[in-house]
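Visitor: Take a look at the letters that make up each chain.
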Amino acid sequence: MPDTLPVKLALARGVGALARLRGGGATSIPGKVLMRLAPGAIGTLGARLSRGSVLISATNGKTTTAAMAASIFERAGLPLVHNQAGANMAGGIATSLLAAAHMRAGIDAQLGLFEVDEMWLASLARELEPRAILLGNLFRDQLDRYGELDAIAERWATVLREGSSQLVLNADDPLIADIGREHADAVYFGLDDASLSLSGMAHAVDAKHCRRCGAPYVFDAVYLGHLGHYHCPSCGQQRPTPSVSATEVRLEGVRSGRFTLHTPAGEADVLLALPGLYNVYNALAAAALATALEIPLQIIVEGLASTRAAFGRAETVLLAPNGGQPVEGTPASPRQLRIMLVKNPAGANEVLRTLALEPGQHDLLSVLNDNIADGRDVSWIWDADFELLAGRIRQVTCSGTRAPELAVRLKYAGVDPARIRVQPDLARALREAAADRPDGDAPLYALPTYTAMLSLRDLLVARGEASSAWA
Amino acid sequence: MPDAEGVGASGRRLRVCALYPDLLNIYADRGNLLLLERRCSWRGIGFELASSGLGEPLDADAHELFYLGGGQDRDQLLCAQDLIETKRSGLHAAATRGAVVLGVCGGYQLLGRSYTLGRERIEGVGLLDVETVREDAHRLIGNIAIEVSLDHTGGAELLVGFENHGGRTRLSPGQDALGRVLKGHGNDGRSGMEGARSGNTIGTYLHGPLLPKNTWFADWLIARALGLQPHELAPLDDTLERAAHANAGRAAGVQVG
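Protein chains in written order, with the working numbering: chain A, 1 to 471; chain B, 1 to 257.
By construction, these hints were calculated from the structure, which means they are not laboratory data.
Mixed in with the good hints there might be a few duds.
Stated by the list, open to error - Quick list of in silico lysine to any residue cross-link-like pairs, SDA-like style, CA-CA up to 25 Å:
(1) A:Lys208 to B:Leu78
(2) A:Lys208 to A:Glu267
(3) B:Lys183 to B:Gly166
(4) B:Lys183 to A:Asp370
(5) A:Lys208 to B:Glu85
(6) A:Lys208 to B:Ala246
(7) A:Lys208 to A:Val218
(8) A:Lys208 to B:Ser198
(9) A:Lys208 to B:Ile84
(10) A:Lys208 to B:Leu49
(11) A:Lys32 to A:Leu18
(12) A:Lys208 to B:Lys183
(13) A:Lys208 to B:Pro21
(14) B:Lys183 to B:Asp82
(15) A:Lys32 to A:Met119
(16) A:Lys208 to B:Asp22
(17) A:Lys208 to B:Leu54
(18) A:Lys208 to B:Ile122
(19) A:Lys8 to A:Ile29
Claimed, not checked - From chain A, some residues computed to sit far from chain B (all C-beta separations above 10 Å):
(20) Asp3
(21) Arg20
(22) Arg140
(23) Leu196
(24) Ser199
(25) Gln237
(26) Glu252
(27) Pro345
(28) Ser379
(29) Glu405
(30) Pro417
(31) Arg463
To be verified - A few chain B residues that don't get close to chain A, going by computed Cβ distances all over 12 Å:
(32) Arg139
(33) Asn143
(34) Glu157
(35) Gly208
(36) Ala251
Predicted model only: the values in this text are computed from it and were never measured.
For every residue, glycine included, the Cβ atom is placed at its ideal position computed from N, Cα and C.
Required output: the full structure, derived from the provided sequences and hints.
Guide: This is how it looks when you write it as structure tokens:
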């Protein structure tokens, strides 16, 4: 039978070129076309990668963890196929492979690095037979789309039982660590720093009960959501001892963090240009993955240090005065806009905690959308602890499709209604929030949900304040 | 300032008992409790929140309002067994006394007579004459708006929210629904009915932060629990709350006001 794949690759690429010409994003359409033409294409093209593929999945931190891993692998001289635009379902991964593949044979890369949506991990793991799978965390997120956490964990455990991938697992997340029960060679990472332990659990904590026997876990330390040091007093299940760990963590406001990284190859100080404990976890995850692939420690440290924020993940943009419109007599200087994606309670709590580390009163632009990619159900804002920041808000502008509900959430968190502005239209909300400036040069913090973050990006590009990322 | 007995400046106090708050909280149920607390304290009504977890007894006379939220399947099963063993008679006594019992989503199912999951039939509290059967084929998910007439005055009011349930709930003849579905699925996606109500016991699939989206209903519950009429509660500035109610209605496809 003649090999028809080259024709199909060319066709799918043509569709991608057309999509770009029409001004649409082309991060997943060509791949979707390719899969219609050649249903096994992901496996076929993936098999051309001489060093195979690695998959990264988690509720929170997929994009940043993959960016950190990419920085490490590139420094190690490994040419990558990487879905860095964050299109993390089959279409996006097929698109990345398609862009790198040669027509008849071969591919312009050695290693595939793919962040994968939680719902797609099973099918992509079957197709790609990855050499390693990194699982970062499971938090409640978009229950209307993903379903319950127990069900996701069960599905992951089932598919991973079939394959022979090296597992890299978060020891501090009981839901994730338990998947390693049937994989003796799993590599674990975790945090060992008692000074970071929270006094109690947040309101919306999942996985409080033993995966094996149902008894309540005892937590000796709680770091983030339900991540921490735990054991089951009933059946004895406990947190596995991680071979890759972080100690002496220091968080420096919304700017940076540092910690001591311990691996079987030795220890080293890591400086991150990204804030918050959640990014320490992302860095640990990337370091554990790189360790499993036998990347030298020094390269891991350099790769982590040189990772910059992915778009909308603690990224800073300079806002032109008056939104780029010349206005006479206003000598305002550019204002910093810091964008911190917020899409579920655990992620929101970490962003709020990180903001609380920063002194002074804050100006916020909080944007709540209920599009499909955000989750249609906005109930989750009541699980996020806006109380952490309530007394520290100078003014907050609520925007997005569900702006009024967000305003009510903030009022009941303890924010004075006089400090709350409601402006569903994002362009106007950005203008109004940016113009409402206190003395000095305090930044404006934008906390958008996923589609709000994409809209904000388009807006900033149109205003000439951000360059078009991923172009 | 509340005095030593927790009675607020108004001379009243609302004592709320959340059942299994660490297990039945999957859709931000704490938003409902926070809403009750704030609206009481802004009015000078004392507010006390207690909880009753697995294995803990329930004092029917110590609370005016009992709250049951929704949980993951496994957690809900644990709670169902415990409800029957340690809390059923207490809840019946409380309801007979006129206390408000509010069950949301999974909590609604637990207040019914039974919940059937495949071959397994789980017994419920039986305060509402309803039976629920789980159909995994597809869940009923989305924004929802229902019309209710709580005081049987003929006037209809609107409850808006979000539903996400695999269970289909059937009302026995003689059991009142909470309301009529305007948009969304409701009890079973077929009958056009949503929730169930017997006196001050109410079950609904409008999950999670039901009360933040419907503050008029929160006030109705507070008034009922205190033996008052809603208009007897001090008015609050609900500008933001009314806008949120209207916006949640729009999301469900209903024009409000």
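Visitor: Given the hinted pair A:Lys208 and B:Leu78, is their Cα-Cα distance within 25 Å?
Guide: At roughly 13 Å apart (the allowed maximum being 25 Å), B:Leu78 and A:Lys208 satisfy the hint.
Visitor: Sort out whether B:Leu54 lies within 25 Å of A:Lys208, counting only the CA atoms.
Guide: 14 Å, holds
Visitor: Does A:Arg20 really sit off the interface, with its C-beta more than 10 Å from all C-beta atoms of chain B?
Guide: Given a closest Cβ separation of 33 Å, the condition holds.
Visitor: CA of A:Lys208 to CA of B:Lys183, is that 25 Å or under?
Guide: The hint is violated at about 36 Å.
Visitor: Since A:Ser199 was said not to touch the interface, does its Cβ keep a gap of more than 10 Å from each Cβ of chain B?
Guide: The claim holds: A:Ser199 sits with its nearest Cβ about 16 Å from chain B, beyond 10 Å.
Visitor: When you check the alpha-carbon spacing of A:Lys208 and B:Asp22, does it fall within 25 Å?
Guide: Distance of about 9 Å is within 25 Å: holds.
Visitor: Sort out whether B:Ser198 lies within 25 Å of A:Lys208, counting only the CA atoms.
Guide: Not OK: A:Lys208 and B:Ser198 at ~34 Å, beyond 25 Å, violated.
Visitor: Within 25 Å, alpha carbon to alpha carbon, are A:Lys208 and B:Ala246?
Guide: Since the Cα atoms of A:Lys208 and B:Ala246 sit roughly 36 Å apart, the hinted pair is violated (cutoff 25 Å).
Visitor: Evaluate the condition: distance from the CB of B:Arg139 to the nearest CB of chain A exceeds 12 Å.
Guide: 8 Å, violated
Visitor: So A:Gln237 supposedly isn't at the interface. Is its beta-carbon more than 10 Å from every beta-carbon in chain B?
Guide: With a cut-off of 10 Å, A:Gln237 remains clear of chain B, as the shortest Cβ separation is near 16 Å.
Visitor: Assess, step by step, whether the Cα of B:Lys183 is no farther than 25 Å from the Cα of B:Asp82, and give holds or violated.
Guide: This hinted pair is violated, its Cα atoms lying about 35 Å apart.
Visitor: Straight-line Cα separation of A:Lys208 and B:Leu49 no greater than 25 Å?
Guide: 22 Å, holds
In this structure, the hints that do not hold are numbers 2, 6, 8, 12, 14, 22, 27, 28, 29, 30, 32, 33, 35 and 36, in rising order.
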